[in-house]
Each structure stands twice: as structure tokens, then as C-alpha cells.
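Novice: In case you want the letters, here they are:
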Amino acid sequence: NAGVTQTPKFQVLKTGQSMTLQCAQDMNHNSMYWYRQDPGMGLRLIYYSASEGTTDKGEVPNGYNVSRLNKREFSLRLESAAPSQTSVYFCASSDREGRGQPQHFGDGTRLSIL
Amino acid sequence: AQSVAQPEDQVNVAEGNPLTVKCTYSVSGNPYLFWYVQYPNRGLQFLLKYITGDNLVKGSYGFEAEFNKSQTSFHLKKPSALVSDSALYFCAVRAPDTGRRALTFGSGTRLQVQP
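These protein sequence lines are chains A and B, in that order. For what it's worth, the numbering used here labels the leading residue of the first sequence as 70, then goes sequentially. For what it's worth, the numbering used here labels the leading residue of the second sequence as 7, then goes sequentially.
Please keep in mind that the hints were generated in silico from the structure rather than gathered at the bench. Nothing here was measured: the structure is a model prediction, and the numbers come from that model. Quick reminder that beta carbons are idealized off the backbone N, C-alpha and C, glycines included. Warning: the hint list may mix true and false statements.
[As the list claims (entries may be wrong)] Sample of chain B residues with no beta-carbon within 10 Å of chain A, all distances over it, derived:
#: 1; residue: S34
#: 2; residue: Q51
#: 3; residue: G59
#: 4; residue: F69
#: 5; residue: E72
#: 6; residue: S76
#: 7; residue: A93
#: 8; residue: F96
[Unchecked claim] Facing chain B, according to a computed beta carbon distance under 8 Å, are these residues of chain A, among others:
#: 9; residue: M88
#: 10; residue: G109
#: 11; residue: M110
#: 12; residue: G111
#: 13; residue: F159
#: 14; residue: Q170
#: 15; residue: Q172
#: 16; residue: F174
#: 17; residue: G175
#: 18; residue: D176
#: 19; residue: G177
[Stated by the list, open to error] Label pairs and their computed distance ranges (CB to CB):
#: 20; chain 1: A; residue 1: R165; chain 2: B; residue 2: Q51; range: 14 to 22 Å
#: 21; chain 1: B; residue 1: A20; chain 2: A; residue 2: Q91; range: 40 to 48 Å
#: 22; chain 1: B; residue 1: N47; chain 2: A; residue 2: N131; range: 26 to 34 Å
#: 23; chain 1: A; residue 1: L138; chain 2: B; residue 2: S76; range: 42 to 50 Å
Start from the sequences, fold in the hints, and give me the full structure.
Specialist: Below is the structure:
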């Protein structure tokens with residue numbers, strides 16, 4: 070049982086490049102989340118998906134898009150990367166009881182934008 | 007708006023001593039409160055939560071937290087610290103009517119337990 074799996078673990082991009090962060094969970098959870106973690110700021114929600122086919126903006130959605138491809142997978146796309154998007158990105162999931170509260174996190178993607 | 011404050015960037019405690027990591031919150035209505043722990047290069051792990059009921063909540067790894075409504079606090083405690091408890095701890099809050107909206111996380115407190 071892998072839980073929440075994120076790929077890649079590390080990535081360096083140049084300003085203006087695009088990329089997609091992948092996330093998959095094998096716990097049959099309905100809800101999935103994308104957070105970013107910056108020093109001294111805790112975690113901030115980028116996007117949320119309550120179920121397959123639905124997505125909602127979180128606290129800091131600008132510059133990002135998401136796709137809930139199916140129940141397992143929830144991807145985060147940076148269309149035109151900016152240095153301000155240098156961060157550690159975490160995907161998380163929760164079951165129906167944990168609605169709104171992430172229960173399981175991936176190990177993160179460390180993204181640097183030059 | 008909801009907010010969380012973790013007033014200490016770092017807490018140092020000797021192994022075997024009791025530990026407290028402080029958290030205060032601001033939210034409309036009755037809060038849902040959470041503690042998470044993060045080990046180096048890992049995602050957060052859920053420790054415990056308060057939704058309703060007994061003000062003392064017990065969680066994973068021997069941790070507990072006390073909800074104090076009058077002081078708007080939810081401090082994390084453990085009677086006897088272990089070196090392996092050294093990690094980054096996050097408090098989080100949300101109001102019950104925000105449903106699927108985000109938790110608001112504090113900025114984190116680094117706990118260092120010295121042998």
C-alpha cells in the first residue's frame with residue numbers, strides 16, 4: 070500500500086517553462102488536494118478536488134491549473150513557471166469522513182524556478 | 007477569516023521531560039482543530055484532531071492536545087519526550103461551515119529533543 074505517490078521528487082525549471090506534477094493515491098479516497106509549503110508560512114492550499122470531475126480553487130490558485138483525471142490521480146500544471154513558484158509541493162488525500170481535512174500526504178515535489 | 011498562530015519557531019526539550027507546543031486560533035464559530043507532524047523530506051502526518059466533546063484529545067505516538075475555548079488555544083503535549091519526536095509540528099484550524107474549504111495552517115514549530 071503506497072498511499073500518496075508524487076512524481077517527480079525534484080525538478081529545476083527555467084522561467085517560462087511548463088510542467089505537470091503528478092499525484093496518485095491508492096486508498097480509494099474521494100478528496101484530493103494540492104498544497105505548497107514555503108519557509109515560515111505553513112501550507113497553503115492551491116486547489117482541491119472533492120471527487121472525480123470536480124475541482125475548486127484554494128487560497129493561492131493563480132498560475133496553476135489542475136486535472137482530476139480519475140479517482141486516483143490529481144495533477145497540477147504550471148503553464149509558465151515563475152520564480153515565485155519555487156516551493157515544495159504536496160499532494161494529499163482524504164476519505165469521505167475526512168472531507169476538507171487532508172489525511173495522507175505524499176513526500177513532496179521540490180521545485181526550483183530559475 | 008480564520009487564522010492560526012504558533013508563537014514559537016523552535017522548542018527545545020530534554021529527552022524524558024514533558025513537552026508543549028503552543029497553538030492559538032481565531033475562527034468564527036466552533037473550531038475544528040488539528041495537529042500534524044512533518045519529518046525531514048517527508049509529507050505531513052496527521053496526529054490528532056478536535057471536533058467536539060472532551061477538551062483533551064489523545065492522538066498518535068503518545069501525543070495529546072487540550073482545547074481551551076476561553077483562551078482560544080489548542081496546545082500539543084506529551085508527558086515524556088523522545089529524541090525521535092524531533093520534527094516540525096503544524097497546528098491547523100477550520101470553521102465547521104467551511105466544508106471542503108482549506109484548513110488554515112500555522113507556520114510550524116520545530117521541536118528539538120536533546121538526548
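Novice: Tell me the numbers of any earlier hints that the structure contravenes, in ascending order.
Specialist: 2, 8, 9
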